[in-house]
Each structure stands twice: as C-alpha cells, then as structure tokens.
Amino acid sequence: GAGVSQSPRYKVAKRGQDVALRCDPISGHVSLFWYQQALGQGPEFLTYFQNEAQLDKSGLPSDRFFAERPEGSVSTLKIQRTQQEDSAVYLCASSLVGHYNEQFFGPGTRLTVL
Amino acid sequence: SQQGEEDPQALSIQEGENATMNCSYKTSINNLQWYRQNSGRGLVHLILIRSNEREKHSGRLRVTLDTSKKSSSLLITASRAADTASYFCATDEGSNQFYFGTGTSLTVIP
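Residue numbers (the numbering used here), protein chains in the order written: chain A, 52 to 165; chain B, 1453 to 1562.
Here chain A stands alone, though its shape is the one from the complex (with noise of 0.2 Å):
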C-alpha cells in the first residue's frame, strides 16, 4: 500500500500489560514521528527517528515508555506495564525529511487500558 499503516487498529490490555503497537512508514520516508492523542485534543508529540536513529524522545512520558526502529523502515512503540491514563490513540506519521515536510499519518492505534 500507498500509506502508513498500523496494527493492531484496536488494543484492549488489562493494567499492568504490556502492550507493542507497529507502524509501516511509507517507503523511502526517512523521518517518522510518534504520538499520542486524547480524546478531544491535538495530537501530542511523543519521539522522532531519522533512519534508525531515535533523535528525540523528549515527549515519552515515562520510563515505561519505548520505541525503536532497528532498521529504519518499521517501528514499534512498547508500552510497559500499562495504567489506565495510556489509554489514548496513537498515532504514526512519517515523512520525506524531518518536519520540513508534510508528515502522512497513519490510522491510529486506539488503545484502552482497563
């Protein structure tokens, strides 16, 4: 396909799981951005690769929080021990170069922590 994708669409974990959502960036974008988005707001920055390498991960609320793109196509953004306030959509984008550039997002990650 043409687009970012992501799986699961949809991820329902009990507290304290551990969760892994994965993101598929268009082919030959170099840059690609995660986020979180709460019902209701703007996206939220979370962490930036360029390739494989992590740049940024200022906006990874917590330690529980970790991503990686090991061969600078697919990412994966893991969430450890899961708390009710992780539950939020998350979103993908990726772009040619850095945020000079319009970023193509993915459909999101809805994910729900009971």
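These aren't lab readings, by the way, just hints derived from the structure by calculation. Just to be clear, a hint being listed does not mean it is correct.
What the hints assert, rightly or not - With beta-carbon atoms standing in for the labels, derived distance ranges:
hint, chain 1, residue 1, chain 2, residue 2, range
1, A, Val81, B, Ala1530, 36 to 46 Å
2, A, Arg115, B, Val1496, 27 to 37 Å
3, B, Gln1466, A, Arg66, 22 to 32 Å
4, B, Ser1520, A, Thr127, 23 to 33 Å
5, B, His1509, A, Leu90, 32 to 42 Å
6, B, Pro1562, A, Gln101, 39 to 49 Å
7, A, Val81, B, Val1496, 13 to 23 Å
8, A, Asp114, B, Ser1491, 31 to 41 Å
9, B, Glu1469, A, Glu119, 43 to 53 Å
Claimed, not checked - Residues from chain A that keep clear of chain B, each with C-beta distances beyond 12 Å, as calculated:
hint, residue
10, Glu95
11, Asp114
12, Arg115
13, Thr127
14, Gln134
15, Glu153
Glycine residues also receive a C-beta, built at the ideal position from the N, C-alpha and C atoms.
Chain A is fixed; fit chain B onto it per the hints.
What follows is chain B alone, placed relative to chain A:
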C-alpha cells in the same frame, strides 16, 4: 504540551459559507502546517506555510501567517458538508518536536 491554540474551539456554518479559524503559537517557528482530521480519513495534511511567507493558497484554502503576532488563520471558502472535521495547526520550534494545537471542530450544515 501543546504549543498552538485554535480559535474558535467549535464552528458551525451553512454550506456555501466561508469558515475562518485562527491559530496562535508561543515561540518562533520554521514553518506552520494545517491538518484536518475526521473519522473517515484520519489526519490529513492540508497546507504548509514557511516562516518567511505571509500568505498561501491551495484550492479553496487560504492560509495567512503573521510571525510578529505569532498567529495564523485558515480560510475555507464555499464550504461543503465534506469539510466537516477538526482542523489543527502544527508548528515546530526549530527542533525535532512538532506541536499540534487543540483544534477547531467545524460543522458544515447541508
């Protein structure tokens, strides 16, 4: 944290009318982008305006940028029901981070 703030929070207009929404931000930027989000298509890029530009057009969209006031406006002309969505401005700070505002919810009544 979110740097941008859109105004108004919600806007309801009749089809065919123009819709104007505003965005204010806090620090200097390299560029400002507008995005649209609806349940059907997710978050979609609309237009990008660079800090050295004052106005940009794309189809029925017109964006202005006033860096002295740290504000931008998005005008949608001849609105259609399909324009119903939430609209966000997004800015950088010359850093790798990218800040979205809180959004304007636009409803276009057929």
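Hints and how they fare:
no., hint, result
1, Val81/A <-> Ala1530/B: 36 to 46 Å, "holds, 37 Å"
2, Arg115/A <-> Val1496/B: 27 to 37 Å, "holds, 31 Å"
3, Gln1466/B <-> Arg66/A: 22 to 32 Å, "violated, 46 Å"
4, Ser1520/B <-> Thr127/A: 23 to 33 Å, "violated, 43 Å"
5, His1509/B <-> Leu90/A: 32 to 42 Å, "holds, 33 Å"
6, Pro1562/B <-> Gln101/A: 39 to 49 Å, "holds, 44 Å"
7, Val81/A <-> Val1496/B: 13 to 23 Å, "holds, 21 Å"
8, Asp114/A <-> Ser1491/B: 31 to 41 Å, "holds, 33 Å"
9, Glu1469/B <-> Glu119/A: 43 to 53 Å, "holds, 48 Å"
10, Glu95, "violated, 7 Å"
11, Asp114, "holds, 19 Å"
12, Arg115, "holds, 19 Å"
13, Thr127, "holds, 19 Å"
14, Gln134, "holds, 20 Å"
15, Glu153, "violated, 4 Å"
In this structure, the hints that do not hold are numbers 3, 4, 10 and 15, in rising order.
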